[in-house]
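So the chains spell out like this:
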Amino acid sequence: MLLVILPLIPFLGALVLIGMGEKVINMPFVASSIVLILGSWGLRGAFAGMPITYEIPLSGPFNPTFQADAVTAVFVVLAAFLWWAVSIYAPEYMKHEGRIRSFYICTLLTQSAVLGVFVAGDLFTLLLFFELMTVASFFWVIHRWNEEAIRAAYFYLFFSIVGGLFIALGLVFIRAAIGGVPTIGTGPATFLDPKFFPWGLALFLAGFGIKAGMVPLHLWLPHAHSVAPTPASALLSGLLIKVGAYGLIRTGELAGWGMELASLTRWLGPGLTILGTCTMLVGVTAALLQSDAKRLLAYHSVSQMGYIILGLGVGLFLGPAGGMGLMGSIYHIVNHALFKAALFLGVGVVYVGTKKTNLYELGGLWRSYPVTAILMFLAVLGITGTPGLNGYASKTMLHHGVSEAANSGLPLMIWVERLFNLVGVGTTASFTKLFYLMFLGKPKQEKITQGERWQFQVAMGFLALVMVTIGVRPNLFVDACAIPAAQALGMEGAAATAMGLSFWNIGDIMGMVITLALGITFCWVGLKTGLFHLSPPVWLTLEGLGKMAFCQLQTALASIEKLYLTLSTSLLSDLRARGNGLLLAIHRLDTSGTLTAGGRSLADISLSAGVLIGTLIFLILAYTYIDLGSYVRLPLSLMR
Amino acid sequence: MTDIILALLSGLVGGIVIALLPQASNRLRNTLVLLFSVAGAVFSWRVAGTVFSGGTIRLSGEIAGLAWSLQPDPLGTVFGLIVATLWLFATVYSFGYMADEPRQRTYYAFLLIAFSVALGVAFSGSLLSLYLFYELLTFATYPLVIHERNDEAIRAGVKYIAYSLCGAGAILIAIVVTHGWAGSLDFAGGPLLARGGLRPGLGWLLGLYVAGFGVKAAIMPLHRWLPEAMIAPTPISALLHAVAVVYSGVYGILRVVYSVFGHELMAQMNFSRALPWVAGFTILAGVIIATQQDVLKRRLAYHTISQLSYILLGAFTLHPWGLAGAIFHMISYSTLKITLFFGAGIVAKQTTKIRVSDMGGVGWQLPWTMASFGVASLGMIGMLPLNTFWSKYYLMRGSVAGGKWPFALVLIISGFINALCFLPTVVAAFTGDRDQLSREKGGNVTLMVAPTVLLAGIAVLLGLWPGLVWPGVEAVVNSFFIR
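As you go down the protein sequences, you meet chains A and B in turn. Okay, so the first sequence: first residue is 1 according to this note's numbering, each after it adds one. Okay, so the second sequence: first residue is 1 according to this note's numbering, each after it adds one.
Derived by calculation from the structure, the hints in this document are not laboratory data. Even for Gly, the Cβ is constructed at its ideal location relative to N, Cα and C. It is possible that some hints are incorrect.
[Stated by the list, open to error] A short, non-exhaustive set of chain B residues, derived as facing chain A with CB atoms under 8 Å:
1. A99
2. P102
3. T106
4. N150
5. I154
6. F281
7. A285
8. V295
9. L384
10. R397
11. V400
12. G402
13. P406
14. I412
15. G415
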């Protein structure tokens with residue numbers, strides 16, 4: 001029952017807000033407070049390994065079922081907390097954006113949908129909430145209703161719709177393969193008809209991958225996340241893309257966590273690893289070249305999702321020994337949500353005062369925004385993986401996972417480990433750049449219309465508090481959340497590998513310190529040489545290609561239609577003309593009795609006749625070819 | 001027994017009464033129209049109640065030595081219920097839309113008569129009566145198509161009549177042959193031709209039937225009349241050219257496949273393997289052409305062509321799930337398409353805008369209308385809170401299970417093109433200038449918006465709880481696949 005109530009609370013909140021007319025209260029805060037308390041209290045059993053299930057018994061093909069195991073619990077509490085923190089921040093910020101009521105309504109609806117995805121007990125219910133989430137969050141992206149926002153929102157909507165369609169088709173294939181409704185939280189599916197199973201998984205991968213910003217399906221992400229109002233950006237980057245990751249975890253569950261995969265699904269591990277690595281690389285490279293703070297953060301969402309996908313891939317690849325990869329991913333999902341939300345909120349604070357997000361037009365802002373600068377600095381330390389903050393813990397776990405995979409001797413995995421370190425350097429470089437250009441350096445901004453507000457500081461402060469807590473005591477989360485989650489997914493050996501894991505060994509710390517040092521050096525070189533202003537030609541970037549393809553699509557559709565119309569009209573008119581000509585010619589031949597009929601030679605007439613007869617013969621042949629057998633005897637059989 | 005007679009008569013009698021009524025006050029006439037429509041709907045529901053609870057209703061006789069019969073089976077009843085229910089919505093919408101139009105008496109008279117005839121198509125128990133009502137439907141709806149009485153309308157009317165009659169001719173020939181082979185035209189005893197098994201000429205016969213009914217089902221290349229017929233008033237376009245008339249063609253093909261040939265015989269015929277491809281082609285070509293249309297009603301018309309082939313595709317998969325998808329799509333598509341057409345009509349009446357490219361800002365004036373339109377658009381893509389997801393899902397499942405998985409892909413691609421087709425319209429409606437739009441205030445807006453919103457709501461309800469109509473779908477599938 002609780003599982004239905006959780007998504008229902010924000011939904012009812014939205015209804016109340018709609019019913020209240022012009023009067024606006026901070027309903028997201030109320031709703032997410034209730035959800036946070038109710039969720040963390042009600043789901044405490046799930047953390048302890050006692051899943052909850054609930055079913056709404058409807059007749060017919062659709063019985064919505066709900067479940068909550070430890071994975072769900074982690075995601076629900078994370079979502080509720082993030083929404084709660086952001087809704088402290090939102091009212092003050094949205095005074096500058098306008099249309100606060102519609103923003104609240106879609107914030108509530110999106111929260112409802114996101115919670116619904118997490119507590120869904122089968123993939124149909126999940127898809128239901130997944131699609132609702134697309135629609136609700138679409139209004140976030142399009143909030144400003146200017147040209148840029150509309151374009152980004154279109155991008156987002158069409159990609160998401162394709163994602164939904166992929167999942168729907170995947171459901172058809174999976175259902176054909178396993179002969180029942182694919183459920184969540186019940187471990188690997190047993191397939192009766194292996195032909196369709198890998199295809200279904202691949203479609204799920206693509207469908208959830210679109211939401212997760214997986215390369216090359218990430219094209220919508222930087223646009224959508226940078227044009228949305230900042231609180232929405234924080235939630236989009238912090239949580240909505242994690243819904244895609246959640247879907248990938250559950251897809252992995254269908255194939256089976258913690259076991260040697262069957263030969264039909266063995267590609268899943270290496271496949272996800274490669275996709276994750278590409279996502280990391282593309283994201284971080286593009287982020288380095290950005291000058292807009294929000295776009296930089298958006299590209300880093302892509303890059304950090306790469307870490308998460310990579311972890312999942314490694315977890316599947318290693319099978320029973322893949323606990324580190326899986327737990328690292330879940331851990332990183334939580335950490336990334338915290339620091340990415342904080343970073344976006346920080347950039348938003350600066351935007352409110354300066355109306356600027358271009359990094360090269362900002363500078364020296366620590367004087368005007370001392371608290372924000374400190375909180376941002378903590379978030380930067382988090383995302384770069386500095387020991388003592390939360391990013392370090394999850395990146396270390398992921399690194400352990402990748403090293404284990406590399407030890408398996410597969411050349412692919414060895415390369416993945418090298419690239420993993422490289423991406424760490426890139427991340428450090430781009431965040432050094434962000435922080436340096438924004439808060440340090442020479443002040444470039446003369447007028448600052450608004451300084452800090454306590455709401456901003458409180459919201460970011462709560463996020464930072466959790467970050468620091470996790471950073472100082474990384475084992476807390478591992479023991480309380482990551483291990484139960486991995487065990488709920490069927491990773492039996494998870495506790496053995498991670499219980500009492502020591503994060504503070506010298507090797508890991510030194511690795512991170514070297515990465516940080518290299519990153520800062522790289523940033524310094526980049527800023528000095530103007531490397532970060534490099535912009536590759538449009539056709540070389542995936543965005544450019546995607547945009548081109550998108551524009552071409554409409555043109556292609558138009559030309560297909562034109563072709564069809566031309567063909568059909570010309571065929572019709574040609575046949576008609578030939579038929580008329582033939583009739584006319586026969587008529588004249590009949591009356592004049594000469595070899596030329598009314599100016600038309602016999603050759604012309606026979607051509608017309610030939611075309612007509614040819615068409616007829618073609619039709620008959622085509623027909624008999626389709627309808628094999630001796631059906632040409634129709635007239636005979638009719639006479640009988 | 002009396003129910004079915006009353007259901008069929010209420011429309012006919014109502015039509016005659018309205019036609020004989022002097023140009024009385026609109027209120028009296030509208031009350032009478034509503035009364036007769038409700039009566040027809042109520043009796044249809046009573047018929048449905050009897051049929052779904054396992055009873056049999058049969059009415060039969062002889063004309064010139066040929067037996068005719070009215071005997072609704074589950075398929076016919078589902079079609080009848082769709083017609084009867086949606087007719088009510090369209091009638092109420094008509095009160096709003098036609099409020100300031102000329103020739104209302106003719107309009108309502110033929111609207112009621114067409115109601116009877118459409119129910120007749122649904123409740124027929126034999127090919128002969130099906131054919132008679134099918135022909136009558138052409139004539140009963142012709143005055144509605146040419147309602148505007150201008151050149152364009154007359155031309156569209158001629159095209160409509162010509163196409164329909166040619167199709168009917170093909171059907172007539174096919175019926176004669178069927179009668180010769182099977183000795184009976186009654187559906188009650190199972191598929192007519194199944195007993196004879198494969199025989200030479202069966203493919204030709206199927207081709208004749210599909211070509212004949214395919215005219216009204218707008219299979220490409222027999223679809224040309226449909227976009228032209230959009231000249232009719234919007235309630236007519238919505239009800240007849242998106243649902244009732246075109247469904248009579250679709251229903252005819254379903255009948256041919258499952259009651260005349262039977263799915264076992266169809267599966268043995270080579271020709272039936274080509275049919276899904278025709279449907280698949282129409283699905284994609286129709287929606288692609290739709291994306292290129294600027295006049296909203298034409299766009300909707302081409303989209304209708306595409307969507308009707310979804311139903312045919314489901315029927316041609318010859319698989320229970322495919323058929324279930326087809327039947328469910330008949331129900332769900334009709335609710336959403338009528339919503340779309342109603343929306344287009346409200347916009348045309350209230351702002352005189354009929355082109356998509358002019359519709360900037362319309363959404364701010366007509367928020368409920370455009371919101372319903374948006375919901376219906378999402379349904380056409382096949383997104384979940386809407387009922388069409390389930391029909392699409394079962395169509396895909398039937399395709400995959402019937403070994404025709406490429407058609408699952410066709411449906412997915414079509415869903416995406418649907419998004420390209422409608423979503424820009426919806427977003428554009430909310431992007432233009434909010435204030436600079438004039439408003440004509442034609443028609444009665446409450447009477448138009450209420451049915452629109454209600455239908456969108458029903459679509460969402462059925463999407464969340466498809467089980468509400470699922471027993472009907474199951475009954476149809478069982479009646480053909482389990483004997």
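If you take the shortest Cβ to Cβ gap from B:N150 to chain A, is it below 8 Å?
-> violated, 25 Å
Would you settle whether the hint for B:F281 is holds or violated, based on the nearest Cβ-Cβ distance to chain A being less than 8 Å?
-> Cβ of B:F281 sits 10 Å from chain A, so the hint is violated.
Taking the closest Cβ pair, is B:I154 under 8 Å from chain A?
-> Since chain A brings no Cβ nearer than about 22 Å to B:I154, farther than 8 Å, the hint is violated.
Regarding the hint that B:T106 lies at the interface with chain A, is the smallest CB-CB distance below 8 Å?
-> violated, 34 Å
Classify the hint on B:G415 as holds or violated, based on whether any CB of chain A lies nearer than 8 Å to its CB.
-> holds, 5 Å
Would the stated hint for B:V400 survive a check requiring a Cβ distance to chain A of less than 8 Å?
-> holds, 5 Å
Taking the closest Cβ pair, is B:L384 under 8 Å from chain A?
-> Status holds, d = 4 Å.
Return the status of the interface hint for B:V295: holds when the least beta-carbon distance to chain A is below 8 Å, violated otherwise.
-> Status violated, d = 15 Å.
Under 8 Å, Cβ to Cβ, is where B:A285 needs to be relative to chain A, so tell me if that hint holds or is violated.
-> At 6 Å from the nearest chain A Cβ, B:A285 passes the 8 Å test, so the hint holds.
Taking the least C-beta to C-beta distance, is B:P102 closer than 8 Å to chain A?
-> violated, 35 Å
Against chain A, is B:G402 within 8 Å by beta-carbon distance?
-> violated, 11 Å
Status of the B:A99 interface restraint (C-beta, 8 Å, chain A) = violated, 30 Å
Figure legend: structure checked against the earlier numbered hints; hints not met, in rising order: 1, 2, 3, 4, 5, 6, 8, 12 and 13.
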